[in-house]
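K.L.:
Put together the whole structure using the sequences plus the hints.
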Amino acid sequence: MKVFQSSIFRALCAIVVGALLVKYREQTVTWITIAIGVIFFVSGVISTVAYLSAKRQATKEGVEIYDAKGNRLTRPVPPFPIVGIGSSSWAHGSPCFPTRLSTA
Numbered sequence: 159m160k161v162f163q164s165s166i167f168r169a170l171c172a173i174v175v176g177a178l179l180v181k182y183r184e185q186t187v188t189w190i191t192i193a194i195g196v197i198f199f200v201s202g203v204i205s206t207v208a209y210l211s212a213k214r215q216a217t218k219e220g221v222e223i224y225d226a227k228g229n230r231l232t233r234p235v236p237p238f239p240i241v242g243i244g245s246s247s248w249a250h251g252s253p254c255f256p257t258r259l260s261t262a
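Sequential numbering of the sequence shown, starting at 159, is according to the working numbering.
One thing to keep in mind: the hints can contain errors.
Beta-carbon label-pair distances, calculated as ranges [what the hints assert, rightly or not]:
(1) A172 x R214: 49 to 55 Å
(2) R183 x W248: 21 to 27 Å
(3) T206 x I166: 32 to 38 Å
(4) Q185 x P237: 39 to 45 Å
(5) A172 x D225: 46 to 52 Å
(6) H250 x E222: 39 to 45 Å
(7) Q185 x Q163: 25 to 31 Å
(8) K181 x I240: 39 to 45 Å
(9) A193 x L231: 40 to 46 Å
(10) I204 x Q163: 18 to 24 Å
Listed below are the simulated DSBU-like cross-link pairs for lysine-lysine, each with C-alpha atoms no more than 35 Å apart in a straight line [unchecked claim]:
(11) K160 x K213
(12) K227 x K213
(13) K181 x K213
These aren't lab readings, by the way, just hints derived from the structure by calculation. From a predicted model like this one, the values you see are computed outputs, not experimental measurements. Where is the CB? At the ideal position from N, CA and C, for every residue including glycine.
P.N.:
Now the structure itself:
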């Protein structure tokens with residue numbers, strides 16, 4: 159993961175995208191729009207699956223945990239992933255209509 163955070167890697171990506179935008183303007187904009195939509199969709203699916211998994215683990219009765227005073231501790235129920243579902247639903251249309259989003 160350190161490779162993706164490297165300033166050299168980011169600079170090379172910016173140069174490549176810039177060169178593609180100069181050479182193939184319309185096609186690059188379309189493919190960048192599709193790629194961003196796919197990334198949003200994957201991110202939304204991952205957050206929704208993580209929510210469902212955490213909710214299942216929170217409701218499953220297993221080992222009981224107590225604090226120093228003898229009070230039973232319960233796992234908190236995770237918040238509903240409204241942002242994850244929103245990004246997944248937006249991203250569902252992004253790859254389907256890339257020219258509409260890129261010219262807006």
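K.L.:
Are there hints from earlier that the structure breaks, and if so, what are their numbers?
P.N.:
Hint check: 1, 13 fail, others pass.
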